[in-house]
Every structure is written in structure tokens, then in C-alpha cells.
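Protein chains: 2
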Amino acid sequence: MRQKQMLLPTLREAPAEAEALSHQLLLRGGYIRQLAAGIYSYLPLGTRVLHKLEHVIREEMEASGFDELLMPAMQPSELWEKSGRYTEYGPELIRLDDRHQRGFVLGPTHEEVITSLVAAEVNTYRKLPLRLYQIQTKFRDERRPRFGLLRGREFLMKDAYSFDTDWPGLDASYRLMVEAYHRIFERCGLLFKAVEAEAGSIGGEGETLEFMALAEIGEDTIVSCPSCHYAANLEKAVFRQKQDSKLPLTVVPDMKEIYTPDTRTIEELSAFLGEKPESFLKTMIYMADDQPVAVVVRGDHEVNEFKLKNALSAANVELADVEMVEKITGAPHGFAGPAGLSIPVYVDMDAAAVRDGMAGANRKDYHVRHLSIGRDFEAVETGDFRNSASGDCCPHCGEGLAFSRGIEIGHVFKLGTKYSKSLGATFTNQEGKEDLMIMGCYGIGVSRLMSAVAEQYQSEAGICWPLSLSPFQIHIIPVSMKDAAQADLAEELYNKLRQAGIDVLLDDRDERPGVKFKDGDLIGAPLRIIVGKAASEYQVEWVNRLDGNEKEMIDAEEALARVNEICSSFAGRL
Amino acid sequence: MRQKQMLLPTLREAPAEAEALSHQLLLRGGYIRQLAAGIYSYLPLGTRVLHKLEHVIREEMEASGFDELLMPAMQPSELWEKSGRYTEYGPELIRLDDRHQRGFVLGPTHEEVITSLVAAEVNTYRKLPLRLYQIQTKFRDERRPRFGLLRGREFLMKDAYSFDTDWPGLDASYRLMVEAYHRIFERCGLLFKAVEAEAGSIGGEGETLEFMALAEIGEDTIVSCPSCHYAANLEKAVFRQKQDSKLPLTVVPDMKEIYTPDTRTIEELSAFLGEKPESFLKTMIYMADDQPVAVVVRGDHEVNEFKLKNALSAANVELADVEMVEKITGAPHGFAGPAGLSIPVYVDMDAAAVRDGMAGANRKDYHVRHLSIGRDFEAVETGDFRNSASGDCCPHCGEGLAFSRGIEIGHVFKLGTKYSKSLGATFTNQEGKEDLMIMGCYGIGVSRLMSAVAEQYQSEAGICWPLSLSPFQIHIIPVSMKDAAQADLAEELYNKLRQAGIDVLLDDRDERPGVKFKDGDLIGAPLRIIVGKAASEYQVEWVNRLDGNEKEMIDAEEALARVNEICSSFAGRL
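Quick mapping for you: the protein sequence lines, in order, are chains S and X. Each residue of the first sequence is one higher than the one before, starting from 15 at the first, in the working numbering. Each residue of the second sequence is one higher than the one before, starting from 15 at the first, in the working numbering.
No lab work stands behind these hints: they were computed from the structure. Among the hints, a few may not be true.
Chain copies aren't distinguished; within one or between two, either way the pair holds.
Stated by the list, open to error - No farther apart than 30 Å at their CA atoms in a straight line, the calculated lysine-lysine pairs in the BS3-like style are these:
id	residue 1	residue 2
1	K496	K141
2	K141	K18
3	K18	K447
4	K96	K270
These figures come from a predicted structure and were not determined experimentally.
Given the sequences, and given the hints that come with them, work out the whole structure.
This is the structure:
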């Protein structure tokens, strides 16, 4: 395409609202523009990347035997009431009434719609398994939209659903998707990890994996083993304790109160008392389905609410509010300790190993020293109630675990019968009996994927897109369109590459070379041909930005040959 | 694809809710399913047709130099307040609040969003013209959704927008779109007409054309000339009167009242008095921007509110309610007449030609005879205030006009400065002065197009799709999958055609032949190969349903050659 005619508004400065570099660069490169918080228009460059992402996804979904369909964004509220998610989903679910005061939601996901569709149309094992997907716009009223396309309120998703007669069938559908997701993210050129995860609001009974693109700005922490395959998100990660984490048994002096005025946090206490955070027993009051419990972890550790919830078999676990903490401990927030509490106390294994600890005294401005489990307080249960932390070891091989940040780009769930039960998706099995369909669901955030790739392929000057996703594979930049030899050669190369089916952008503007090169960096095509003074000798500058960014003066024919060769090696995949 | 694995629920009976045959057949063929009134899921077959439509549209839009972008469905209310359409659009506009009580609408169209986007990004004549389009989901809360995809509440549209420096520029952009629309609808195999139209709620200052697919169930009436190019929709159509429509001048007796108890409509009066409707002066009371006026048309004619509105230079024209009619005429509804009214009376030319007429007496249960314009009442204006009707002649060539029904599938508008003015889309022109951009907008109802094609390509047995849009170009139906020779040959043909890049569906189900053929008719692929008993001799039955539907026994190789030949003649276009 010709740059002069395109809506391609590059920006020299990063807009103030953009925190993440990928967000800045997508704005600066003229890929997206914000319409409202978390709601974006995709300009022509961004739309081209979306289409390339969709193309990769469609090819791999079809190769896995999933058929495409398209479901509506407007969904009757009744369906969500049936599944129980109408209230459960909270304020992120956008609700509206039509002109006849009938309630609708704007779908953040489509389990309800597809399950009721399949329930109505399929009733025999002979039509199963059924594997379907769509690429469709979703709505989620995020409290705090951020990082551009990473956490938006209107976004593009690929969501897939499988319906099987039994769990082994679901295993097969699930495996197809796990394999397809690996191929998709590889074709996007991403560094990613598939990690064990918790199911969250989708629910479900079985296994679930998150696909994480590695990136510093990622909102999730990935715990992984450098020497074996183990990887999980922080919510889910388990670990072995280091051998040396148990302290030697010694006689512990009697517990005693110490005056710690206005000293509440572990950091403050640690500084005030000159003790390491490891020797504190951090005590948190939680409400587990409206029952208060205390959870004790070591001062340098964080409570993992998912593990706690599972241990308590609770539907909901959340931190108690300030009033409840005061009621239970008899002291303001910041002075809770396990000794003397009348509610059940759950103690993390590492905290239990602290024989001579410090904790809140359940009295304003006081903590205690020489606190000893079994002597000064009793645990109703000791177990793993914390997030994995630096120093933990792989549960499989014992190697020290590594921590990194990730952007969730895909998620696969074994749903089981959660939706088929509430929405009546049954079938007649081979024995003629009625049975519930076993479901799986599989999502990829398509627009988010654009940001994740931009995050991994960024530099200060702009994104340098992988060949498979770049809006243009090659950018032809004539230094001066007023020079007839340059303009002619640029046009010739442009036309030849277009005819060869290559996505090529020609900078046909009358701009200064500096402007053109800066824009070229922001637009981010991986290959570049600069047509300059040597045009009259049929010579051009060649730059492969994926391969070192070095300029090389070559014959124009040779440049064409290189483009064709590099792009054709991708043709089979795109 | 293999039929056994697909979600392809055909129905033997037409569902009761479907009036239009296209709607019935899209449901029966397993193309779509209703989720709520006017809101549909596209099953795999329907999704495939949508993609083919999108593909045709994209190719022709790109060939016209329009670049694709993608704008959000959720649009801030403020934008619509700026353009004045927030209230103007009425209850069809879906409004909602986000979690922070900020107002949004779900876009039924995107003039506001694109104009504010372009206003923010483009400010010089050097970036103009700008020509952009998107294919995107729209929302319109129709009072009475009907005919399946024809009048839905959530639907897919291609909307395009042009921004030019001046009106000749807009003329060029508009012409590009008119030509592209002709190519698009031709490639869809449609019988259609481009007709002159009124602008409606989009507004705008200039020319506008509607593209109408001819169909009996169409909601619009098309008036066209069989011998020249003239065509317009009923709202817009003008005409010449027939030469013989003027009656000879005679002396008209004095007006006199006649007793017509409970006789209100022209039909009732005509029967009661034994006179033709042509001799009645039908008198309607309208409110024009809150001022009452009377409009008189011949008894066999209908008032055209657009013509009336234009003649009165009124912003709004609507029929007066019963109370107002009674207040103005002093009689109940059904007895209005022009004589003795104290409000302005507008008389259609044909009514003015009725020298000795009948009308209401403005008195309950009475009409008048021998009413004469100029003697018994005065017209403030005589003109064209009616819809074209049978017997009218072409305004250009005088030939008798023809009437047909159409489905609006596309619409092109010259908007002018309506949106650039209200949303501040200005640019610096070549003289360095600030000027308003001149806009055009161009829509195609993509999902509606699917119904329009189905309406034209229907038979009782099912839709027979044009090759360019059929979800599958060819359907291979083995009579019995249990017969090894049949199954093998069917598989062989299936694999060879797939490898040749043909969209092929294989009916690999264990169903009775009758079921398979009925489903084949409902699915509607234009080409069909039936693999039956002659499979062992490598013979198959060939059916080209677009070409007479006759069965022919031919060699399997010959069948392959025919498919390849027919489909390759379309390859360049698809």
C-alpha cells in the first residue's frame, strides 16, 4: 500500500496515558487510538495485524477439527440466571434492558449461549464430539482498564468449546487445543509458557492451563523450574521446602509482650526490632463463607487464597474488614497474632517451623516475642497456605524455582458438567440412557495477543514485528520522491513485490529522510529497502531488522530475491 | 468438511416463527438459530457464507482504495450528543451506563466515532482524501424485528466513510463506491437496482442511492422505468402525469351535503356511493413542526410525507392524532374535507384536476358532492404531494412506470458537512485557511445480504446458493457409506477436491439416501456428485443445480474435471 493515502498517524512523543511500552508504541506507530477507557479503534495498521492473528488462529483451529460459528454479543439475562453467573459475575458484566424492558448482558464469554444452542440441537452420542469456535468481540467492564489492549473493556477473543460423551473424550479435545495453542503462539513468534492455573470465574471441575507470554509488565507471576517441565502461575504453584529451612530445636524462652507503638507492617517491625522478616508469624484474619479464620504465614511469605479456599472447602474466601479484625483480635488492624484467638488458626508449614517467633499481641501497640506453636497456640491444620517464593524448590525435581512475569494470552479449561448441568445439555448415550455432555472451553485474547507480541518485539524506536504478523512484511523507503531515479526504482520494486503477493508498504510521501526513517521504525516492518542516490545504478540499501539491523548496499534484483525468499519460507504458514 | 462431525441441524418442518421463505430455509438448512428476537447465532454453514460475503466486499473495497479499520461497538454518549443524534435516534439506539455511570451507546453506525477520530488525527489537505471502511457488528433496537436476518437487532455491516477537501472530491469518492457496490452485488449473483432515495436518520445534504435486491418480501417499493435508467424508491420517486388525467371542463353543480353514516374510508365510501375512488378528495390533517396543515390527494393516491416535508421546509411531519383532527374539522376522524377549514390546505396536482369531487363535510356522518377547487376551497399550494402509483409515467422518458418490491442491501450518501461541522473535522487547505471536510458514507448490510441472496436463490426444497457464496461449492453424497466401493470412491473424490482448494462437503453419515438428498437440498451446494451403485465402475451421478438440476451419469474423473473447471472460472473472483 501507499503510505501517502493511509491513515497512519505516527507520534513523536509517547502519550502521557500509556504506561506500558507496547501501549506507547502501538499508539505512536498509529496502530490504535483510544475512544474511551479500555475501548480502542484499530487503525489500518492495527487492523492488518488483527487479521494476521485471526488467520493464524483460524488455520490452527481448523487443523484441529474445530468448526467456526459466530454467536451474538447481546445475550438474554435468563441464560445467565440459569447458569448462576448473572450475579456471580459482578460489576464486570455489562447489563442492559431493551426497549421492552427485557434484560440482556453483553457477553464477556459464551458458555451459556453455546451450551443452550447445543442442548437444543444435539441429543445423541452419534453427533458427539462437537468442537466449535468463534472469533468475536467481547465486553467486560473492568474496574481499571490498563496497558492499552492488555486489559480492555471491549476486546477480540477466540473462544472455543468442546462437547464430549465422557471424560476421556474431553481429554482428547483438550489435548487438541493445548497442541493447537502451542502452534499458534509459536507462529506468532512468542516466548511463552503453558502453566498450571486455577479456574477462576469460568468455573469447572478439572484441569486448566494458562498460556503466558513472558513480559515484565505482565500482571501474573509465573513459577517455573529451570530444569524440568514444571510451570504454574503463582495462585496454583506448589513447591518443596528447602532442606535447611527448619531451624534447630532449642529451648524457647517464655512468650513476652513488647511495646511496638504504631508499628504494624512486617517492614516496620523488622526495622524497629532489628529482626529478619522470616522470624515473624504474620497473622491474617479471613472470612471463609462468613466464618472467620486466622491464617499464619512467615513474615516474608504471602497467603495464597486459592490454597486456603481449597483447604477449607470454602466457596468464597476474602480478607476480613477492619471492624471484624478488631472484633476478633480486640485490637486495631496490624496487631493480630495467633496466641489467644478463639477462631480456628491455620498455619503454613514454614510458619510452623518457626519455633521462636514474633507476632501481634492482639493488643494495640504490642507484639510478642518467643511465640511457640504447640505451646502458645494450637493450629487446627498445618499445610501449604502460601505463595511460592524465592528459595522454594521444584515439586518434581527439587531444583530451585524461578519467577517471571507473564501476560495471559490463552487459557484452556476442562469444564466438565458445570454448564451442561445448569443449561440441560444432555444426550442419549449408546445404551439409550440420558447423560450430561462433558465440556471444555478454550480462549485466546486476540487483541491482547497483539500487545503481548508488541511487548516482546519492542525497542525504544518502535516495534519490530515478526514476519508472520507484521502489517507489512517489507517497507520500501525512497530517500527522495522528487528524485526521478529513486521514485521510479521504488515504484518498480513496489509493483513487483505486490504482484508476488508480498505485503509491501511504499513511503511515497514528500517528507525529509529523517522523518521517513523514524516513521519506518515506528511502523515496524521487519524488512526494509532504502532507495537512495545509488538508485541510478540499480543499487539499494537492504535492512533485515530481525537479523541485526545492519545496512547493506546490494543490487535491486538481489533485494527482490531476498524478500521473496524470506517471505516464501513463511508462505506455507501464513 | 465431513458432515458427520459438523453442527448442521437441518429441520424437516419450517419453524412457526418464520414468515419469509429465506428465513425458513436458513433455519431449516442449519444456517442460523435465533437467540432472542432479532438476534441470531450463525452456525458453521452461516458463518461460511458470511466469510464469503466479507471476502467479496473486502476485495472490492480494497480495489477502490478504501483501507480497513475497526471501530468499537461501545461509544461514549457525548459523541452522539455532539452530533445531535443522541435523542434524535429514538428508542432504536441502545443506551447503557458503565460501572462508573458514564453513558454509552451501542453503535448502530459510526459517523460520530470516525469523524472524531479523523478530526483528531488529520488536519491538512495533504492527507486528504481519506477513504476508510470496516466490517463490524452493529446494534439497533428495532421495534419489530422480522424476517430473520433482514431486520435484526444485532447485525453485521460494512460501513465506509470518505473525507474530501471539496464536493468534487466527494463526487469522486461516491462514484468509487457506487461502482464497487455494483461489482459486489453482481459477484453475489443478485438481481438488484440502484434507486434514488431519501437520506433518513443519517442526514446529509446531498445525493443518496439505495441498492435494492429485488424480492417480493422486500419492505421497500421500487419505482422504475422499463425503458430508461430511472429508478427511485417510493419515498423519492417523481413522475409525469398521464396526458388523459385531466377531466374535461364542465359546469359543476353547487356543493351539497350527503348523509354517509359510519362511512369513513375511501373503500367504504366508494362502495356506498357507487363512485370510483379517483373522484374523491382524500383530506389528511398533518402536524408540520407542530403546525396543523391539510393535505388533499385523490382517493386512489397516498400522501408522500417526504415530499410534503420538503415542500413545507419542515423538520418533522406526522399525521395529526384523533383529538387534533376533531378539533380542526369539528368532526370525528373520517369526515375531513378541504371546504371550510381554517388551516392551510395543500393540494396534490392530481387532486386539483378533479373539478367535481367528493370529500368529507367536516361534520359527523356527512360528506359533500360537487366540491370544486377555487370555488369551494382554496389551495395555499398545488404540487406533487403523493406517492407514485400505477399509471404514472417516467419523469425522463414518459414510459409507464413499473413497481416492484426490494430489500435494501446497500446505501450510499453524500453527507457533506453535517458531521464534520458538529464534530469539528477541519483541515488547513492549500491557501492555509481552515475548512470543513466534505464527507460521504456508504453501508452494506452483510448479514442482511445473506437473506437477500437466499430470497432470490430459493426453492421449496432449499436455497441453491450461487457458487461465489455457497458454504460449499460441491456436495459429495455417497448413497451408502456401508458399501466399500462407494465409501472409497467418495473419499477419493473428497480428498482430491480438497487438495485442489475446492470447498467440498462429504456426507459421510450412515443415513438413508432419502434423508441425505433432502439434507443436500437444504444445505444447498450448487454442484453435487452422487456416488451410488456404479461406484465400482468409477461412475458417478453429476448434478449442476444452477443449470437445470438434471442428473447425468459420468466417469468420476470427468466429474472432477467439471468441478475444477467450474470453480476455477470463479477463482479469480473469489
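Right, here's what the structure says about each hint:
Taking CA atoms no more than 30 Å apart as the test, K496 paired with K141 passes between copies only; the shortest distance there is 18 Å, against 65 Å inside one copy. With identical chains, the CA atoms of K141 and K18 are at most 30 Å apart between copies only, with a shortest distance of 7 Å across copies and 53 Å within one. Taking the closest pair of Cα atoms, K18 and K447 come within 30 Å of each other only across two copies (22 Å); inside a single copy the shortest separation is 66 Å, beyond that limit. Taking the closest pair of Cα atoms, K96 and K270 never come within 30 Å of each other, the shortest separation being 56 Å inside a single copy and 70 Å across copies.
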